[in-house]
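Sequences listed follow chains W and U, in order. Heads up, the first sequence is in my numbering, so the first residue is 1 and it goes up one at a time. Heads up, the second sequence is in my numbering, so the first residue is 1 and it goes up one at a time.
Rather than coming from a laboratory, the hints here were simulated on the basis of the structure. A hint or two may mislead.
To be verified - Far from chain W, some chain U residues (derived; all Cβ distances over 10 Å): (1) 37; (2) 113; (3) 156; (4) 164; (5) 170; (6) 185; (7) 194; (8) 291.
Unchecked claim - Covered stretches of chain W, as calculated for chain U (at least 3 residues, CB under 8 Å): (9) 132 to 144; (10) 151 to 163; (11) 306 to 318.
We treat Cβ as the ideally placed atom computed from N, Cα and C, and that holds for glycine.
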Amino acid sequence: MTSSPPSLGASVSVSPGVRIKRMLLGGGPLVVLLLLLIFFTFASDTFANPGNISVLLTQLSILLVLGVGLTFVILLGSIDLSAEGVMASSSLVFVLLATNDRNDFQFGILAALAGVLTGSLFGLVNGILHVRLGIPSFMVTLGMGAVGIGIATVLFGGRAPQLLDQGLRSLGVDKVFGVSKLVFLAALVLVIAVLIQRYTRVGRYGYVIGGDEPIARLSGINIKKYKIYSFVLSGTGSGLAGVMAATQLGVGDPTIGLGFLFPAITAVVLGGTLLIGGRGGVLRTLVGAAIITVLANGLILIGVSIYIQTAVQGLVIVIAVVASGWSLRRRVRVIK
Amino acid sequence: MTQTLLTSSPRVIEQIDWKGRAVSILPLAVLVVLVLIVTSQQPNFVGIASVRGLLESMAPILLLALGQMFVILTGGIDLSFAVTASFGTVLLALWIPELGALGVLAMLATTTLIGLINGFVIAKAQIPSFIATLGALGLYSGLGLAISGASTIRISTGYEAIGWITDLRVAQLPLSALLVIVVAIVISVAMRVLASGKSFHAIGLAEKALLMSGGSTVRIRILAFTLCGLFSGLAGVMLAASQRSGGPTLADSLQLPAIAAVVIGGTAITGGVGGAIKTLIGALIIVMLRVGLSAVGVDPSFEQIVYGVVIIAAVVLTIDRSRIGVVK
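Pulled out of the complex, with its shape left as it was, chain U reads as follows (with noise of 0.2 Å):
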């Protein structure tokens, strides 16, 4: 499908590979500079005990950001991602205790069955992205705060079913958070491999062609959303793990560096641009500016500006402004 696009407009590929390239550079760099500072303030930084807290504090962000990042390769966006994954462990918490192993699958299931609603609603009834899920935002937020009474609920009975997570080390490196990663260049690999691996960038490349071809966008913007659900209820199963409890705003605070980490690894907000591997860069630097902010000792109240600033200049040098008519 993506290969009639390009051929049919070679100039267009120019200025994409163009700015792919751009964008595929900087983040890195970045990171290589973030990576630099760190360690001139603080030269014990590389040492284990650092990386470790790093890839703790990173694997739920990277299990949110790669879900939306789905959402975001078909140009929508999924703003209740980490209210589900807040509304998930609300639920790991009320099942484990009697179904153990079975809740977390049962979880993982309606969290992916809250995005595969969500898409069907956005791909179906042809509304906005964000408007349908800042509904969703309220409806599941609501839904956790009322069933768990607005408090953090303890998993004492059956946290073997998820005490692994964080228990289980591999050259004393969290495995969950090396599975992630691993998740992450699976994902990368399978859409670069498989033959519908293009299908999300089609959509966001170029979905009036695919329309005015005959081609049909539902099932891949359904199932786009519903990957955002499982990666929502993954996160959750992980956050739940960290803390040893569901809370109904566990994950809330998670929603920016998640959206932050897509865009700023080079995923253009218009959709069409960028991967898995973007968005473990994303993620990378995501953690690393928290750590970076406080070696280079900025008062830790500055992170919410820091983060506000940085996603939108990420997004102003990702966006592609040829492919976008009305900005709403």
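Extracted from the complex, chain W is given alone in its bound form (with noise of 0.2 Å):
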């Protein structure tokens, strides 16, 4: 009430909130992401090595997968916080439907696709509960990521069934120019997304249904089907991290995902999308991937402890939803 709403733009008092809120939509993402590259390269003797890069690229490879995945969520201001039990069914899905030491079956890359499957099928069962029965997303999440921690607990049987199959394992362990064919996997689901959010309905129904959904509903938009086919684009790319990890490691285990989830949504946020939706998108995902990666790997290579830099995310997300939506606070409305 006391300031004017941020879409207008140019206005002649500017709090302190909004002037925070423009930097983080703005280019203040990318101009944080090249001061910590310069710092890090001073700091550190073997930050800007050949190798180090390729490990960097490679790290940030399934934090943006995920990231680009839970953007689609995101930007209708709703949550998904299933990630990781989904990262666990899909990865014990491929692996033992490919190559592996515990059964006969071989189907190779359809294994790997039916891991990324079960991840959107993962995501079509949340969009549908969550729009249907109109349960809050946050809800609906968490006890279907404990579904799929389970699902993978079951499948997993005490013992990691080994991937066996070695086309699918080079994906995760073989390089080409330098990196992992990993980071070029990501860079084509980057690019599948920036086509999605850009030019089909769902992208850019996400908007509007993010930024007022009573204004959606009323213009006519079939605000329940886009709503689930974004939980369906999460559920997808939480299946494909869960997957990219399995090539990775070698095994299928249920609890590939731990500690992803969190990397995840904080690269969303840092990147700019707003947690109360409407605003953002898949390319701001990568600078805040790019950032979390690189302050994840810098500051263990200057003896920081990992622990610390999840306390800090946890500050981040506070911090960015604070300030986003500081300008908003004065109004009397029921915010749960």
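Join the two chains into one complex using the hints; note that each chain is given alone, in its own frame.
Given below as structure tokens:
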């Protein structure tokens, strides 16, 4: 009420909240990334080595795929907390259907596809439960995340199945032009995601729904359908991330996704996609994921505990959402 | 406050009453069925040893659930509560050798402060509680792992300060677990008797009406999160006592069971409906479920699936769709 709506652009008096928000949404994240790159290049002897850059890109790839999928859901103002469980299930479905030391299946690339589709299926169920039954998304995905871990635990049966398909294993291990094949896969995913976001209804309506759902409904958009599609995209991303992690580690494991969800959400938020929805995009998530990866890698090189990073990521999420919603704070409204 | 709200729209009362009746009978029925199934499979289940085991595993879940209940009643959620309890056990293990009982109080003060900060940020900055507490989850799990070096810390010197929690028994039953049940009953009575006892429900039921009529929800909302922090700390003390150690992920696995206990008991995730006795029944169902599953021969690895499905099913049954416009 005291400050003008951010969409009006140039206002005379700019409150600090709006300024921080513009910084977050504009070129801010990219500047942060560049500063971090420069800082670590000087702070650590090994940071800018070709070997470490290759490691950086590999670390970035899985996080990016996960974050890109999540972006579609966060754009709606919803959240998907099921990533860790979905990655667990998809990694086990994939490894158990590919050549492995547990059974005689040898479906090769079809197994990888089945792993990814496991993720899509989780996304579909998340979306349907959320939209059709009207359960808040964090609750649905929290529950489905547990179901995912549970299914993985059942499939796991006490001993990690090894992935023996050499072709698929090479995807996670072998390098082309000095970087892991996973990096090219992640780049391909990013391109597809950008195309979906720019040129399909799911992508474009996502902004409208996230920006103002009642208005989207009044203008005749089939909100339920596109919300479900967004959740399917997120689940597919998690599913692929699970398959990628499995090719890298060579096993299917219920804990394969542990520790991925948090950096992924932070990457989306750091990139400048608003947790309240309506603004952002997958390219921003690339920048956010790069910041997280560079920070994680660089801080380890200069000897900072990785656990402190989780703590900082948590703080970043809170600060980002407080900053982006600061100008709306004075209105009489109900926020749960 | 609630009186005026309710009399202004009699139609709403009828709906809630009907729903309230349905959801308050269902959990109790489920509990009875579970007990019957388990006793039919294992006739010695009603023995003192298994009841003791049941109470011991229920106590920390119930404490966490009671704290979470206050937040859920207001229509919010605290996703950081289990991590706060874990963080608390680490602090306890570090402080108790030097400070003794004072260390316990300092730890409880810290977790209460964590809850207070959560509530303050959520109420003052007006941001969705699940996002703020998701951030808090990362913050305190990271801090807990960092200060403990990601390892379990054994409590030996000064264990007397919390040892009584597991050692003291009344009629061979753990006193601490019985105390927790008493706490649940006291909360329930207080909410019925005290004039401001229904404040949490009022925010959950009709926050907009409350705001439009000039009331403030900030104080009660902060109080809800503060209580959640306090109860997380109490759960941490209990866990640390039974494990004789503090661990950075000690209570993390209780997050889902504790949320499940709240919603299964019949407290609606949309807020406004529920109470401490319902949460007690919910916590009993959760621990019985674990015993019941193994009694009917279900592999323990299915446990997570059951929790996930049960949580979603319970939310579906208790959610009040008439009071939520846009579901995010």
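Hints and how they fare:
Interface exclusion of residue 37 of chain U from chain W stands, the closest Cβ pair being 21 Å apart, more than 10 Å. Every beta carbon of chain W lies more than 10 Å from that of residue 113 of chain U, the smallest distance being close to 16 Å; the non-interface claim holds. Interface exclusion of residue 156 of chain U from chain W stands, the closest Cβ pair being 25 Å apart, more than 10 Å. With 10 Å as the threshold on Cβ separation, the claim that residue 164 of chain U sits away from chain W holds: the shortest Cβ distance comes to roughly 32 Å.
With a least beta-carbon separation of about 35 Å from chain W, residue 170 of chain U lies farther than 10 Å from that chain, consistent with its non-interface assignment. Consistency note on residue 185 of chain U: stated as away from chain W, and its beta-carbon is indeed over 10 Å from all of that chain's, at 28 Å minimum. For residue 194 of chain U, the non-interface assignment is confirmed: its Cβ lies about 24 Å from the closest Cβ of chain W, beyond the 10 Å cut-off. Distance check for residue 291 of chain U against chain W: the nearest CB is about 18 Å away, which clears 10 Å, and the non-interface claim stands.
For a cut-off of 8 Å, the count of residues in the region 132 to 144 of chain W with a CB near a CB of chain U stands at 11, and the three-residue condition holds. For the region 151 to 163 of chain W, the proposed coverage by chain U is satisfied: 5 residues have a C-beta within less than 8 Å of a C-beta in that chain, meeting the threshold of three. Beta-carbon proximity to chain U at under 8 Å applies to 12 residues in the region 306 to 318 of chain W; the threshold of 3 is reached and the given coverage holds.
No hint from the list above goes unmet by this structure.
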